[in-house]
Amino acid sequence: MKRRLLYFVTIVTIIIAVSSCFYDNEEALYPSLNTTCDTTNVTYSGKVVPILANNCLSCHSNATAASAGGNIALENFADVNSQAASISAAINHTGPLSPMPKNGSKLKACLISTFDIWVRNGKPNN
Amino acid sequence: MRQLTILLLFLTLTASLSAQDDLMNMLKDTTAAETNYATATFKSTRVMNGHSIERMAPGQLDVRISHRFGLLNSGAYEFFGLDQSNIHLSLEYGITKWLMVGIGRGSYEKTFDGFAKFSILRQSSGAKVMPVSLSAMTSVAATSLKWADPSRQNYFSSRLSYVGQVLVARKISQSFSLQLAPTFVHRNLVATEFDPNDLYAMGAGGRMKLTKRISINAEYYYMFNPKSYMSQQVYNPLTIGFDIETGGHVFQLLFTNSLAMTEKGFIGETTGSWLKGGIHFGFNISRVFTLKN
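Chains as they are written, first to last, in the working numbering: chain A, 58 to 183; chain B, 301 to 593.
Note that these hints are calculated values from the structure, not bench results. Keep in mind that the hints are not guaranteed to be accurate.
Cut-off 25 angstroms, straight-line C-alpha distance, at most; resulting in silico cross-link-like pairs (SDA-like, lysine to any residue) [unchecked claim]:
1. B:K509 <-> B:I540
2. B:K576 <-> A:S102
3. A:K163 <-> B:Y535
4. B:K410 <-> A:N160
5. A:K59 <-> B:G404
6. B:K527 <-> B:Q474
7. A:K165 <-> B:K576
8. A:K165 <-> A:K59
9. B:K397 <-> A:F65
10. A:K159 <-> B:Y462
Between the sequences and the hints, there should be enough to build the whole structure, so can you do that?
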């Protein structure tokens with residue numbers, strides 16, 4: 058009985074493992090992603106907001122900041138503007154701050170440099 | 301002892317040499333029938349981050365709690381990394397004398413994982429001579445982080461990764477053990493086409509006993525895939541630490557450049573470098589409960 062169960066579990070595991078083996082990469086799977094890093098025309102609304110929305114706001118929105126984001130909200134321009142240096146240190150994993158995104162690997166280099174370019178340009182609200 | 305007395309008695313009483321030969325053969329027969337298996341090649345089922353050839357005995361449950369803290373060089377404000385922690389919890393159980401299974405959850409990429417480890421050969425001396433112990437380990441891990449972009453078509457398969465590993469170890473002396481671990485990691489989804497889905501690595505681990513209860517362990521995984529093309533700078537994981545055994549618990553205190561505690565994470569995604577201060581302090585606690593005798 059025990060042995061039969063063992064065989065069953067083994068076979069099911071092998072079937073699941075083999076049938077769900079893929080060779081995907083994000084660039085090929087999602088062609089809409091820019092394969093080259095376009096760092097021209099970096100605007101707040103066009104480039105910075107999408108980065109924040111996709112990678113930060115699940116914890117750092119106005120609604121979730123108090124519970125999940127350590128009271129750091131990154132939804133409004135004023136907040137992002139005043140904390141830009143800290144954000145940059147956190148996503149570059151350089152500063153004394155907690156590396157972000159928490160529990161995840163570093164953001165793609167393109168996203169980090171896009172954010173840093175916006176900071177270097179003087180953090181315009183455009 | 302009794303046999304020896306009989307032998308001596310015979311030696312003195314009989315002049316016949318053939319009788320002595322027979323007895324010598326009998327002696328040999330009684331002593332050579334035993335096989336001595338090497339035990340405690342490693343103290344725990346992990347060398348440090350990676351698996352060791354050891355497995356749980358049938359009916360024994362190992363509850364493991366592991367932490368890896370932030371970067372050591374992050375300063376006093378972050379308490380040298382201890383303010384942040386990555387956690388891995390797991391329950392691991394021995395089913396038969398040759399099979400153990402485990403399930404776990406790690407905070408790194410919010411990963412669920414399961415593994416099975418098979419003991420194939422056991423190092424032994426005596427009647428049956430086997431120079432090494434050999435185990436095979438296979439695991440599946442699923443990340444559960446929210447999708448970076450929920451609006452695109454996301455597949456569950458993209459969350460999965462697989463590991464296959466062969467573990468070969470030898471307890472060279474009472475206080476020194478060595479292990480080699482050829483490892484294969486498959487990741488269903490990688491960032492760019494320059495990142496290989498399949499990773500090949502060779503792990504090496506060792507344990508040296510310092511005292512009866514403390515040993516120093518080291519572990520290194522060399523990844524064969526060229527790292528210079530990958531979209532992220534990764535390093536080979538090197539871990540050095542101590543096993544401290546107390547009654548029923550094994551504590552492993554360690555320093556590593558890897559934040560993750562599963563093969564997929566520490567082989568392919570170690571972004572810290574020992575030379576550039578990317579070192580984390582961490583520990584594993586293992587507590588074994590006997591559920592079935």
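Would you list, in rising numerical order, the hints stated earlier that this structure does not obey? Hint check: 2, 6 and 8 fail, others pass.
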